[in-house]
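A.B. asks: Construct the entire structure; sequences and hints are all you get.
Chains A and B supply the protein sequences, listed in that same order.
Each residue of the first sequence is one higher than the last, beginning at 1250 in this note's numbering.
Each residue of the second sequence is one higher than the last, beginning at 1327 in this note's numbering.
Cross-link-like lysine-lysine pairs, in silico, BS3-like; alpha carbons within 27 Å at most:
| no. | chain 1 | residue 1 | chain 2 | residue 2 |
| --- | --- | --- | --- | --- |
| 1 | A | Lys1420 | B | Lys1464 |
| 2 | A | Lys1420 | B | Lys1432 |
| 3 | B | Lys1368 | B | Lys1442 |
| 4 | B | Lys1421 | B | Lys1432 |
| 5 | B | Lys1378 | A | Lys1420 |
| 6 | A | Lys1420 | B | Lys1421 |
Derived from the structure by calculation, the hints contain no laboratory data.
Here the structure is a predicted model, which is why all the values come from computation and not from measurement.
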Amino acid sequence: MRYKLIAAALIAVTYHACGVCAADPDQPVFSFNGFGTLGAVHSSEADADLVANFFQPNGAGFTRAWSASVDSKLGLQMDVHLNDRISATLQVAAQHRYDNHYMPQVEWANVKYQFTPDLSVRLGRTVTSFFSVSDSGLVSYTQPWVRPPLELYAQLPIKHKDGIDALYRFKFGEVTSSLDASYGQFDSKLPAGGETRETHFFDISETVEYGAASMRFGYGSLRIAVSDPGLTSLFGGFTQFGNVLAAIPGLQANAAQAFAIADRYPIENIPYSLITVGATYDPGTWLLMGEWVRADGSGSIPNSTAWYVTGGYRIGAFTPYLTLSRAVAATPSEPGISTAGLPPQLAVATAGLNAGLAAALNAFTRSQQTTSAGIRWDFMRNMALKLQFERLNTLAGSTGFLANVQPGFRPGEHLNVFSATIDFVF
Amino acid sequence: MRRTDHIEVVVIVLALLLSAGAAQADVVAVVSANSTVTTLSKNQVADIFLGKTTRFPDGSVVVPIDQAEGTLERNEFYIRFTGKSAAQIKAHWSKIIFTGRGQPPKALANGIQIRKLLAQNPHAIGYIERNMVDGSVKVLLQQ
Chain A
1250 MRYKLIAAAL
1260 IAVTYHACGV
1270 CAADPDQPVF
1280 SFNGFGTLGA
1290 VHSSEADADL
1300 VANFFQPNGA
1310 GFTRAWSASV
1320 DSKLGLQMDV
1330 HLNDRISATL
1340 QVAAQHRYDN
1350 HYMPQVEWAN
1360 VKYQFTPDLS
1370 VRLGRTVTSF
1380 FSVSDSGLVS
1390 YTQPWVRPPL
1400 ELYAQLPIKH
1410 KDGIDALYRF
1420 KFGEVTSSLD
1430 ASYGQFDSKL
1440 PAGGETRETH
1450 FFDISETVEY
1460 GAASMRFGYG
1470 SLRIAVSDPG
1480 LTSLFGGFTQ
1490 FGNVLAAIPG
1500 LQANAAQAFA
1510 IADRYPIENI
1520 PYSLITVGAT
1530 YDPGTWLLMG
1540 EWVRADGSGS
1550 IPNSTAWYVT
1560 GGYRIGAFTP
1570 YLTLSRAVAA
1580 TPSEPGISTA
1590 GLPPQLAVAT
1600 AGLNAGLAAA
1610 LNAFTRSQQT
1620 TSAGIRWDFM
1630 RNMALKLQFE
1640 RLNTLAGSTG
1650 FLANVQPGFR
1660 PGEHLNVFSA
1670 TIDFVF
Chain B
1327 MRRTDHIEVV
1337 VIVLALLLSA
1347 GAAQADVVAV
1357 VSANSTVTTL
1367 SKNQVADIFL
1377 GKTTRFPDGS
1387 VVVPIDQAEG
1397 TLERNEFYIR
1407 FTGKSAAQIK
1417 AHWSKIIFTG
1427 RGQPPKALAN
1437 GIQIRKLLAQ
1447 NPHAIGYIER
1457 NMVDGSVKVL
1467 LQQ
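C.D. replies: Set out below in structure tokens:
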């Protein structure tokens, strides 16, 4: 349905166009561009998969030692510049998605109206620009690393949003200020039959640039819903078990605990908010950038703090770089249903439910840190080769941002990840 | 390989590097002789060519014109005014293109074409080798 609306909007604007076609004769009406990455990743951890985002069903490590699916992608974009005021963008990208296929998906489909040279509004699908490279996250060629540091970038679990955004950019002398505000929603299927829906997503960010230096401040708030067959049956289990306990005299308190859990932890429109600060200094021969975020959730989604810093030095066509990144989520203190005073059979069932809850909560408590060193080689115009070595540690009993975690996985152990990619734009 | 061979290789590589460095153009930023703009700082020129502004400091519209990719003038201009290599400029514009925020400046094949366009368009800004400057264009003095 939404695709039809977007298509209708694009067509409407295209027809409207020729009435106002006079415009700038120098600017082509249509521009076509593309980007892509061909990559291979190896992970030393056989009991978990390294993935690039929550939407990938498998990756490197457990499923296969070497994986091409983590980073490989291809995108095509068409821009329609009708006149100085109206333009439209359509971007389609193929990458490893929830169903283990690479069917292209629409990442961008919007119409932009330039009210003044300083103020533009876009309507349709845009990629959220919350963090400094989130809006160009797929275009690895534009980034120093093989992929944006997951510790920070995964804190906003959104690929794009359908809605509206406005950008107001103005200059104070040599200082450029860009104020970006947006409102919209996102939904996507997840691996293993799940689905996620982020609504009421509002964000505002301010970027101040002066010469080679820039700083960014942002605030965002949204509501997160995740439906997953495993979670549904777990919380259904708590409700049913609560009913059983409630029918037994003397176990009302335990029943109340079961109902409270079944009420508190399902991920149904959980309010989630983030504040972020970032800075970049890129005078040419070297590069320094860093970002920090504080995210506040509730229920199953814990509060988290994450940051990274990256430094790079350019020697001709080579840019060696080093990145430190870390995410720490507050471990939820949820004792589960008390087993005190329960008959033995019920105590066993209770312990089983409690263990299931602890595992579910732990999966959302993502704490990990990564030290990575790599080199980018701009070996051709439009193409770059990157080699990156990462040493990743999950923290404090967490399984971090890994997927398909197997019983043999030991939290806290480090894993070594090696990635090689070729990025291109055309 | 004998040790002296290594030294020879090193000398050849150094010579190549030095000769690459020597092939430098003296590039200046220029506007039409009819333009009202006379001075721009390095950062102001950089902001125009990096798409960070669409206007001259006096508020009039500016249209930046590049030289073709791979030309000596282009590489030298960006190094001098923005401190960025051709690959960094490519990455910069890729970021803008793929966020739907714009397209890079139009490029012309050489300095003669730039001069010709500037003569006709008081809003345009370009860059050419200093020895190509004539009465149709005005060199922007850096503040």
